[in-house]
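Q: Take a look at the letters that make up each chain.
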Amino acid sequence: MEDPYKLLEKWMSSESFLVVGRGVYRVDSLDKALGKALFTEDYYIDYFLENALFIKQVLSPLPHARIKSIDASRALSISGVYGVYTARDIPGENQVGYAIPDQPLLAQGKVRYPGEVVALVAARDYEKAIKAAEEVVVEYEELPALLDPLEALERRDVLIHEERGSNIAFQTRVRKGNVEEGFSKAQVVVENEYRLHHQEHAYLETEAALAIPESEGRITVIGGLQYPHLGQKIISRVLGIPMSKVKVVAPYIGGGFGGKDDEGPLTCAKAALVAYLTGKPAFILYSREESIKIHPKREAAVIRYKSGVDENGKLTAIDVTIIHDTGAYANRGPFILWRATMHASGPYEVPNAKVDGYAVYTNKVYQGSFRGFGNLSIQFAVERQMDLLAEKLGLDPVEFRLRNILREGSTTLTSQVLDHSVGVGEALEKTALKADWWRKRREIEEYNKTSERFKRGIGVAVAWHGISTSRAVPDWSNAYVKVELDGSVTVYTGIVEMGQGSPTSSHVQIVSEILGVPVDRVKVVFASTDAPDTGATHASRGTSIGGVGILVATAKIRERMASLAAKLLGVNPEDIEFRDGRVYSKSDPSKNISWRDLVREAYARGVEVSATGYYYLPKGRFDETVGQGFAYPAYSYIVLITEVEVDTWTGEVKVLRVYPGLAAGKIINPQQVEGQIEGAIAQAVGYTLMEYLYFNEKGWVVNTNFTDYVVPTAKDMPEIEKPVYVEDRFKHGAFGAKGVGEMALIPGPASIANAIAHALGVNITSTPLTPWRILEYTRTSGRG
Amino acid sequence: MKVEFVLNGKKVVVDVEPNELLINTLRDKLGVKSVKYACGIGECGNCTVLIDGEPVLSCLTLTVDVNGREVVTDEGLSREGLTKLQKAFIEEGAFQCGYCTPAFILMGEYLLREKQNPSIEDVKEYLKGVLCRCTGYINIFKAVLKTSSRREDSGNA
Amino acid sequence: MYRLPGFEYYRPLSLEEALVLLDKLEDAMVLAGGTDLVLDLKTGRYKPKSIVDTSGLKELKYIVDTGEALRIGALTTIQELVDSPIIASKTPLLWEAAREFAYWQIRNMATIGGNLCNASPAADTAPPLLVYEAVVKAVSTSGERYIPVTEFFLGPRRTALDKKELLVEVVVPYRNLERHGYAYRKIGRRRGHDISIVSVAVALRVDDGLITDTRIALNSVAPVPIRARSIEEFLLGKEPSIDLFREASKLVDRDISPISDVRAPAEYRLHVSRILVEELLLKSYKRAFKGGFE
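Chains as they are written, first to last, in the numbering used here: chain A, 185 to 968; chain B, 52 to 208; chain C, -1 to 292.
Simulated from the structure, these hints should not be mistaken for laboratory data. Hints are supplied without guarantee of correctness; some may be wrong.
[Stated by the list, open to error] Mimicking DSS-like on lysine-lysine, the simulated pairs with C-alpha atoms at most 25 Å apart in a straight line are:
{"#": "1", "chain 1": "C", "residue 1": "K162", "chain 2": "C", "residue 2": "K47"}
{"#": "2", "chain 1": "A", "residue 1": "K369", "chain 2": "A", "residue 2": "K220"}
{"#": "3", "chain 1": "A", "residue 1": "K220", "chain 2": "B", "residue 2": "K138"}
{"#": "4", "chain 1": "B", "residue 1": "K53", "chain 2": "A", "residue 2": "K431"}
{"#": "5", "chain 1": "B", "residue 1": "K197", "chain 2": "B", "residue 2": "K166"}
{"#": "6", "chain 1": "C", "residue 1": "K47", "chain 2": "B", "residue 2": "K53"}
{"#": "7", "chain 1": "C", "residue 1": "K40", "chain 2": "B", "residue 2": "K80"}
On a predicted model such as this, the values are computed, not experimentally measured, just so you know.
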């Protein structure tokens, strides 16, 4: 049997597992614990320090300007400087826009944000490159800059991309039912404007890439990126050479969180360009300051949200406008806006909806992918609205949510009927029980009556997140699996290892489970364009979708090996079992053969022991004009209940405890899942309370270092309880797994804000909730 | 300038300019990979090393200043195999991308040397100077605490 | 941020040698720990021709109790202050500030002399030393002199030290503060290490029911770490009470001039300075009288 859908279905129905579902140690653990794991710069130092060129970037100091001239003569006169490269040196296409062709790799004609890369300087070493970069003289004619998206939306006289005719990069919409009628049935209506801010990824390893020219015009790039095949495509386009001549691999990556999904391919393309033009290996490494200045951020958003409920506490209508501050380039902004738009109802049934989304250009660092991908900001608005509606109705927030929550058979915002894998209601109930929600909420309210300075609060937020790419955008998984002559197994996947652990834990577990070989006999070669295109390691798809290709390829090999074993042992193929490196007859275990001998037999008898695992995710139709139809094959869901304490005198907020509840299908490795939840909560605490970009009047990010872009330390973490799992299996995920990686970050800020609102009795509509912002809220409520 | 020091138990001699930073000497010239650059300005702790047993930042230390001293990095903690703490990091899943891990292990080892039975607050206090963006720190706390109680067990036995 | 620009490097092995170097060298800066200077060299804030590295001057690492004051060698690290039982018992305000100072790795490198000479408005050791009215000893080839910490800071990154002088010792008188209650608190953007939004050190003495001495010092709310003289004068001779402390705390506006920057808005710094002054006056009073108003 080789049909991928049938194979996946067969493995989905397994009830007992040997390896899946257990906290197997990651195969990268030993190297990482001993400090031997190699990241991009380590390859440069080990092999290329003396003979690779070092690349330094020349950045625009202005938010919006025409480039009048670039004079590199002084830089080129420095000995050891190999070249200064600008847009006109690009042999292929100077175009790297992922969604809209609006973005050059190196500035062409204009700069559109402070930090835009104007030129690359290549020199023998770091010092020379730095010096030369300072000597490149760029003459600009400054243009009026637009920093506020609401202003940019209205302005026609200043256009950031003239060819687009307005400053709107992209628009989205949903039209469902009749919104006016919906609001006329509402007993309670709540309307607010929410403002969410940017977030910097602050991965500890900055962007880096090493490009090596090879024979026959090939080029190999080692770099930190989340989708090697996308890097390959971008490099091929920029250099004007076939993709087959470009090999991209990512070693261990020091954190990605989406940032290296956007910037990674560009980093690789810059190194590849210099290597291609000079014929020498070339290395680029961003300093922390450059990283923060240059790479895209979580979008800032303005969200106007109106929602109504009837006397039974059921949502009747929503009317939502989403404005994303897209910055200088669209990048993945259109996809981000699309996702925000189609998630604008939250995980609730809403019969009537009108949603309009605008991605607006400004002269600031552009927005991009960041764990949650447009969904964090919209769920913030949704979940604040839900609390406010509940309060007006006099209903408990959990109870009110349960009345509206999506269930199997429910219709989503885009009128898609959810036919399976909808565990959110159960997750909400169970998490509330575990947190002792109702009692705690009462006790806290009692406590606050007598405590003048310190107030406590408990808040809930729920989120959903569509699995796979949106609407009919093709999504697939693949992998190449081969069994070596000694019975060990090599797997090739494009999924990267950036900390999330899919190729180093769950992928290994999948192979080990299916073939019954010990985990140490499985080697997953990850993040390589030598593997078939597996899609990106983003959208929480590394295990759930990335793992499907591996599952299918491995299952194909197992089917063949089972037939062979059946023949050799004289039993039925259905009677064959693979475990602990042996293959048994289930009915008569005395009939068995070692895996290794079986493999040898396969090689000898003409049974192919390699396979690819192409799996195409079936999608439905989507009508963009009304935003209705098949949006995602399924959704992951999460619940976070958060307890906080607020010092109402200083405005300081302490997040005390978080209770997570997850409905993300089969949990393949619980320890890794908990790690994802805990890490995401840290980023949520940081985003909500302390992380922000500080822009000056020229659109510069002022805080481009870790002194002033502060992220949570060990002292800033709340206690995090063991998650509640509802294993609502997904039929297109490996063993029924859905995505996990992004989930806990999405409702994190809303959950904290709801807890603070509960503590203070104020309406919170913006982030970050710095101490001074908290004091503004307490003052406006007359309590400060 | 010639600088001589003991690195992970072995005597090394390097020729450096006075402005050379220890992080670069270790990484570029002495094959040490566990010491990482992440901020360059003393805010992230990822470049932590032990000098004469005390944790300091190699990105703010001049190499000439370690002349005659002893430098230990994550690679040098155990002559054979893994230390108990390194093992606990693996068992507790106390890392994700692994970039900051060596610095946490050094600080954890330092803590366990100073305090036999640290409280969770001690653990946070000792580790707070190393930034991790992946794990949320929780499993790191678990790994350190687990190692300390194990030491207590072996002490009782 | 990876490398330092070049400089001429000197590593004297005695104080004598160091002073001769400082006398002789044009445009030299003193390296005393490096947690500020090395990063300032990286960012290009300073571009000195020469660096005089004091790491060889072991003689400037000591804590001596004279019975009246602590004499602290300028190259004593912040972690050595934290680890010192003498510091903890005789100058508890300095000890508390040292404990809140950055984090372990930095505290092992940073020195008390370096922290003062860097003259950051946010210098962590400054508020307690201002409260103790510490005096620093500056020496050069032409002699020595003592400068009160209250007169040491002239502006951001500017001190009363002459180019040729080396700060060798910090003298912290504690005897006349033994009957004071005291309190310290630092507020930053997170609970882990951070540059202060403001930190405040307070000492308060009450005799026969009346306040006879108050010392309040703050950092990060003026060009230099400062004493809140208006409040101190206002409280003198008054009978302590919660209301009095609240009223007094409002006077902090007269003493500080916070600015808005990436770390916090001016209004917040002002507000939280008032809150901290009030809170710490009360805490100091409680400490002096074990229980306070309750």
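Q: Where does the structure disagree with the numbered hints, that is, which hint numbers, in rising order?
A: 2, 4
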